[in-house]
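Trainee: One-letter residues, chain by chain:
Number of protein chains: 2
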Amino acid sequence: MHALGKHLLVELRDCNKEILNNIEKTRAYMVAAAIEARATVIGEHFHTFSPHGISGVVIIAESHLSIHTWPEYGYAAVDVFTCGDVLQPCVAADYLINKFQCTNPSVIEVKRGMLSLDGKALPHKPAEGAAIPYDRSEELQMVS
Amino acid sequence: MHALGKHLLVELRDCNKEILNNIEKTRAYMVAAAIEARATVIGEHFHTFSPHGISGVVIIAESHLSIHTWPEYGYAAVDVFTCGDVLQPCVAADYLINKFQCTNPSVIEVKRGMLSLDGKALPHKPAEGAAIPYDRSEELQMVS
Numbered sequence: 017m018h019a020l021g022k023h024l025l026v027e028l029r030d031c032n033k034e035i036l037n038n039i040e041k042t043r044a045y046m047v048a049a050a051i052e053a054r055a056t057v058i059g060e061h062f063h064t065f066s067p068h069g070i071s072g073v074v075i076i077a078e079s080h081l082s083i084h085t086w087p088e089y090g091y092a093a094v095d096v097f098t099c100g101d102v103l104q105p106c107v108a109a110d111y112l113i114n115k116f117q118c119t120n121p122s123v124i125e126v127k128r129g130m131l132s133l134d135g136k137a138l139p140h141k142p143a144e145g146a147a148i149p150y151d152r153s154e155e156l157q158m159v160s
Numbered sequence: 017m018h019a020l021g022k023h024l025l026v027e028l029r030d031c032n033k034e035i036l037n038n039i040e041k042t043r044a045y046m047v048a049a050a051i052e053a054r055a056t057v058i059g060e061h062f063h064t065f066s067p068h069g070i071s072g073v074v075i076i077a078e079s080h081l082s083i084h085t086w087p088e089y090g091y092a093a094v095d096v097f098t099c100g101d102v103l104q105p106c107v108a109a110d111y112l113i114n115k116f117q118c119t120n121p122s123v124i125e126v127k128r129g130m131l132s133l134d135g136k137a138l139p140h141k142p143a144e145g146a147a148i149p150y151d152r153s154e155e156l157q158m159v160s
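Taken in sequence, the protein lines are chains A and B.
The first sequence begins at 17 in the working numbering and counts up by one.
The second sequence begins at 17 in the working numbering and counts up by one.
Warning: the hint list may mix true and false statements.
Copies of one chain are not kept apart here, so a pair can be met inside one copy or by any two copies together.
[To be verified] Derived lysine to aspartate or glutamate pairs resembling DMTMM-like cross-links, with alpha carbons at most 25 Å apart:
#1 K33 x E52
#2 K127 x E27
#3 K41 x E60
#4 K127 x D110
The hints are simulated quantities; they were obtained by calculation from the structure and are not laboratory data.
I would like the entire structure built from these sequences, with the hints used as guidance.
Mentor: In structure tokens, the structure reads:
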């Protein structure tokens, strides 16, 4: 049995509420988390809720990261979905736990696509026309 | 205990491989699934892999839907993440199982953000500047 994807369900409880309601910081941290995990960022989309809260997705060549924040409860639901052997989704999770100043996190790893492939691993497939719109150093500087 | 989000992890095994490799159909089905579940679609991003496979995210005001397909194995990993009481994420899952002609699906529901809120439900918060770029009838016509 081989799993095609690794999916981390990250529960960020007891975070810094101010950061959870700051769309620029949240966007920058999510993109940087993807880069830290060695993902190729293709795009992102973030939006705010009224009166508070942020939702966002970072599209990576190796799948996606998403976040939904409830600043009023100091909580965010993060997903890190990756495929391929190079990426380290746990690095992204650890990075976000740190950046959101989360003191009560939990992480569940779900293996997606547990198929009978005779033990063969699937090599990562490159995304067609994949581009990296973010300069790594600039992004990391922005959130440091 | 009250959960802020409902998250369906949908494993679509034994699907129609041709549909899984058709980006236009996959995009249309995912958007239509969101609309069927009464979500407000804000945007979407889909891309193809080389030599085959599609990844995509539909951003909705109530969270997101995502898909990653492996046509070579007839498999797709779908996530339906929703908040609020109006949406029916199972409707989206059922719709996709049908449209991808999946004969071996499984669905796991994960409650996200199980916080101690004294049993209070959180009303859905509207996304600021949320727009519906898709005409429902046109979208449903396209995929019927």
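Trainee: Now, for every hint given, state plainly whether the structure supports it.
Mentor: Do the hints match the structure? See the list:
no., hint, result
1, K33 x E52, "within (23 Å within a copy, 34 Å between copies)"
2, K127 x E27, "both (17 Å within a copy, 11 Å between copies)"
3, K41 x E60, "both (14 Å within a copy, 22 Å between copies)"
4, K127 x D110, "both (19 Å within a copy, 22 Å between copies)"
Every hint, counting from the list given before, is met by this structure.
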